[in-house]
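> One-letter residues, chain by chain:
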Amino acid sequence: MILTGSIILLVVLLLIGVSVPMAFGGVLILIAVLGDHNTAAFMGTGHWKLNTVIILVIPLFIITGDLMLRSRIADPIVRIAELLTGRVRGGLSAAGVIASAMFGAISGSGAATLTCIGSIMMPHLERNRYPRGFSAALLVSASPLGLLIPPSGGQLVYAWLTQQSVLKCFLSALGAGLVLTAFLVAVNFLLLRRNTEILTIRPTGPVLPELGRTTFRAIPALMMPLIVLGGIYGGFMTPTEAAGVAAIYALPVGFLIYRGLTWATFWQTLKESSVTIGVVMVMIFMVLIVSKYLIFEDVPQLTQDFIYSVSDNPVVVMLMVNLVIIIMGMIIDDFSGLVLSASLLTPIATNAGVDPIHFAAILGVNLGMGNITPPTAPLLYLGTRVTGVSVQAMMKPTIAFLLLAWLPTLMLVTFVPQIAMFLPEFFFG
Amino acid sequence: MQDLANHLPPGTARFVRAMVRIKLTLGAVATILLPLTFTLVVIMRYLLHADLFAYEEWLLPLAFWLYFLGGAVGSYQNAHIRADLLESVFRSRRLRWTRQVTVAVIELAIVLVLTWWAWQSVESDIAAYPRWQTTIALKIPFLVPHLATLVGFVFIAFYTALHLYVLLRFGSAILPETPGEETRPEGAF
Numbered sequence: 001m002i003l004t005g006s007i008i009l010l011v012v013l014l015l016i017g018v019s020v021p022m023a024f025g026g027v028l029i030l031i032a033v034l035g036d037h038n039t040a041a042f043m044g045t046g047h048w049k050l051n052t053v054i055i056l057v058i059p060l061f062i063i064t065g066d067l068m069l070r071s072r073i074a075d076p077i078v079r080i081a082e083l084l085t086g087r088v089r090g091g092l093s094a095a096g097v098i099a100s101a102m103f104g105a106i107s108g109s110g111a112a113t114l115t116c117i118g119s120i121m122m123p124h125l126e127r128n129r130y131p132r133g134f135s136a137a138l139l140v141s142a143s144p145l146g147l148l149i150p151p152s153g154g155q156l157v158y159a160w161l162t163q164q165s166v167l168k169c170f171l172s173a174l175g176a177g178l179v180l181t182a183f184l185v186a187v188n189f190l191l192l193r194r195n196t197e198i199l200t201i202r203p204t205g206p207v208l209p210e211l212g213r214t215t216f217r218a219i220p221a222l223m224m225p226l227i228v229l230g231g232i233y234g235g236f237m238t239p240t241e242a243a244g245v246a247a248i249y250a251l252p253v254g255f256l257i258y259r260g261l262t263w264a265t266f267w268q269t270l271k272e273s274s275v276t277i278g279v280v281m282v283m284i285f286m287v288l289i290v291s292k293y294l295i296f297e298d299v300p301q302l303t304q305d306f307i308y309s310v311s312d313n314p315v316v317v318m319l320m321v322n323l324v325i326i327i328m329g330m331i332i333d334d335f336s337g338l339v340l341s342a343s344l345l346t347p348i349a350t351n352a353g354v355d356p357i358h359f360a361a362i363l364g365v366n367l368g369m370g371n372i373t374p375p376t377a378p379l380l381y382l383g384t385r386v387t388g389v390s391v392q393a394m395m396k397p398t399i400a401f402l403l404l405a406w407l408p409t410l411m412l413v414t415f416v417p418q419i420a421m422f423l424p425e426f427f428f429g
Numbered sequence: 001m002q003d004l005a006n007h008l009p010p011g012t013a014r015f016v017r018a019m020v021r022i023k024l025t026l027g028a029v030a031t032i033l034l035p036l037t038f039t040l041v042v043i044m045r046y047l048l049h050a051d052l053f054a055y056e057e058w059l060l061p062l063a064f065w066l067y068f069l070g071g072a073v074g075s076y077q078n079a080h081i082r083a084d085l086l087e088s089v090f091r092s093r094r095l096r097w098t099r100q101v102t103v104a105v106i107e108l109a110i111v112l113v114l115t116w117w118a119w120q121s122v123e124s125d126i127a128a129y130p131r132w133q134t135t136i137a138l139k140i141p142f143l144v145p146h147l148a149t150l151v152g153f154v155f156i157a158f159y160t161a162l163h164l165y166v167l168l169r170f171g172s173a174i175l176p177e178t179p180g181e182e183t184r185p186e187g188a189f
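Taken in order, these protein sequences are the chains called A and E.
Numbering of the first sequence is given in this note's numbering, commencing with residue 1 and proceeding in unit increments.
Numbering of the second sequence is given in this note's numbering, commencing with residue 1 and proceeding in unit increments.
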């Protein structure tokens, strides 16, 4: 009763446009009405769950992403990608995908990736006569790479919720991110193969020296993932400390090297970050309370019973788990989906023989997809602001990228465990 | 973008803007304190071979204030994440206004219940004084982060009520003729 009621209420509230934290607040009220709980303990549960240093990686990654966004660090990264692929038809848009993957490793944020890479790439693509709707859809579809290519705040939270190794989760998602990058590039070339209007970039001089100079200019930005991953992998820092150091490292990089930050933009960035942090963390606070009480009500077991009543074949079980996460990703944001899925679905996936580290990659791909799938598609909506292209114009190519790149990646990552497990097993045995 | 305060009487608007400014200033300071603290922890460990004593005991309550003050400003700016499916489906301004009023009423009802539960939590802290729960080393009462939740929800309720007031006072005329993300004014749902 509580499971069905919660799902129906959540879907109805979200569909009519109630904000995600208040929709979960509504579910909590339903749980209070139907269940036998001490309501005075509800807020205490949220405090207890959030009162841990590891959860601070979320605000720290938000701050780092926002500071990097204002620092103009994306310019050399985009140029590297252009030099690598810009000379063939469809190469410039492929450069957008590669730049998104590279920037994702620096910012760890899909929104920062889309804003930075999208705002730089879109005028280039338009100048070279790439179709506008297609270009915007590709940049939007590539932006969740920021959530898959480590370091990623989402993977840190998953590792914390499921008590797994942070680095193994990072490496697992990296495998999925690389496969997705390859798929997006391939689909991009496939869809543009007959477009004869596109111009290609003709290099004005030898490519290699310019590639060398540009890579040198990008080194301070590319150091960011090395600091975070090296700090954690080398045992010098905890993940939270590494995220904090990364944010402070962004200051001299932004102020002195790329000169995108001024005192005024810095102060403005801090104010904007504080609001983003509040919006995300209040939502997570509510989702954590609801997931805790859903567990009290034995919802994970009920969900498992329901799935196993259809089939106990692991392939069917994982298809259903994926379906549940895709639907969840479509109606709620990625962090809420991550918290709910990690708490409620990890045991089901584990019972189906999926390693929790493998499940980190599956979850990452699913929630990345959710970010660009309406109705709750924050990156798709952000894409309209960044590129100036309407959702309607982006919809058809976005669906093509979902079906031809995202969905095959999801299926491969789900049913070919080596994609997610190769790197963790290679480094950790 | 329109500011919610633009639709309020001048005195109320000044008060509301001042409160938002204070929250943003406090939030910005707290935002930079988080990475500074962790960097200091690393510097002290490797350069000074010392520990920053019990830093998490004051940093986590500070983080709770950041979360809930930021969340409150998010409510003022209408920045909380929501699915805008029906907003683009409804072509009629009247229908969109009705939906926004319905959503505002539902959100206000929910946040008032959450505020009550947050008050219950604070009340039980106060009732336990002087044997209330504190952190181990610095003896910071748990009341401090619990109070952040209460204050946050009170402000979220206040701003939600203001959004509702603006919608009811100005009617559907406050909404643009055609739906779309460009057209939704800040201050309307």
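Quick caveat, the hints were computed from the structure, so don't treat them as lab data.
Among the hints, erroneous ones may be present.
[As the list claims (entries may be wrong)] With a Cα cut of at most 20 Å, we get these calculated SDA-like pairs of lysine to any residue:
#1 A:271 <-> E:119
#2 A:49 <-> E:124
#3 A:271 <-> E:33
#4 A:49 <-> E:62
#5 A:271 <-> E:136
#6 A:49 <-> E:172
#7 A:271 <-> E:151
#8 A:49 <-> E:144
#9 A:49 <-> E:141
#10 A:49 <-> E:36
#11 E:139 <-> A:47
#12 A:292 <-> A:8
#13 A:49 <-> E:88
#14 A:396 <-> E:135
#15 A:49 <-> E:147
#16 A:49 <-> E:125
#17 E:139 <-> A:292
#18 A:396 <-> E:139
#19 A:271 <-> E:3
#20 A:49 <-> E:42
#21 E:139 <-> E:26
#22 A:49 <-> E:26
#23 A:271 <-> E:26
#24 A:49 <-> E:78
#25 E:139 <-> E:129
#26 A:271 <-> E:36
#27 E:139 <-> A:53
#28 E:139 <-> A:8
#29 A:49 <-> E:119
#30 A:49 <-> E:3
#31 A:271 <-> E:54
#32 A:49 <-> E:58
[Claimed, not checked] The following residues of chain E were derived to be distant from chain A, with all beta-carbon distances above 12 Å:
#33 16
#34 50
#35 137
We put the CB at the ideal spot given by N, CA and C, even for glycine.
> Now look at each hint and say whether the structure bears it out.
The hints, checked one at a time:
no. : hint            : result
1   : A:271 <-> E:119 : violated (28 Å)
2   : A:49 <-> E:124  : holds (19 Å)
3   : A:271 <-> E:33  : holds (13 Å)
4   : A:49 <-> E:62   : holds (16 Å)
5   : A:271 <-> E:136 : violated (32 Å)
6   : A:49 <-> E:172  : violated (42 Å)
7   : A:271 <-> E:151 : holds (19 Å)
8   : A:49 <-> E:144  : holds (16 Å)
9   : A:49 <-> E:141  : holds (17 Å)
10  : A:49 <-> E:36   : violated (24 Å)
11  : E:139 <-> A:47  : holds (17 Å)
12  : A:292 <-> A:8   : holds (19 Å)
13  : A:49 <-> E:88   : violated (37 Å)
14  : A:396 <-> E:135 : violated (55 Å)
15  : A:49 <-> E:147  : holds (16 Å)
16  : A:49 <-> E:125  : holds (18 Å)
17  : E:139 <-> A:292 : violated (28 Å)
18  : A:396 <-> E:139 : violated (58 Å)
19  : A:271 <-> E:3   : holds (16 Å)
20  : A:49 <-> E:42   : violated (25 Å)
21  : E:139 <-> E:26  : violated (23 Å)
22  : A:49 <-> E:26   : violated (24 Å)
23  : A:271 <-> E:26  : holds (9 Å)
24  : A:49 <-> E:78   : violated (26 Å)
25  : E:139 <-> E:129 : holds (13 Å)
26  : A:271 <-> E:36  : holds (16 Å)
27  : E:139 <-> A:53  : holds (18 Å)
28  : E:139 <-> A:8   : violated (44 Å)
29  : A:49 <-> E:119  : holds (19 Å)
30  : A:49 <-> E:3    : violated (35 Å)
31  : A:271 <-> E:54  : violated (27 Å)
32  : A:49 <-> E:58   : holds (17 Å)
33  : 16              : holds (16 Å)
34  : 50              : holds (15 Å)
35  : 137             : holds (14 Å)
Hints 1, 5, 6, 10, 13, 14, 17, 18, 20, 21, 22, 24, 28, 30 and 31, counting from the list given before, are not met by this structure.
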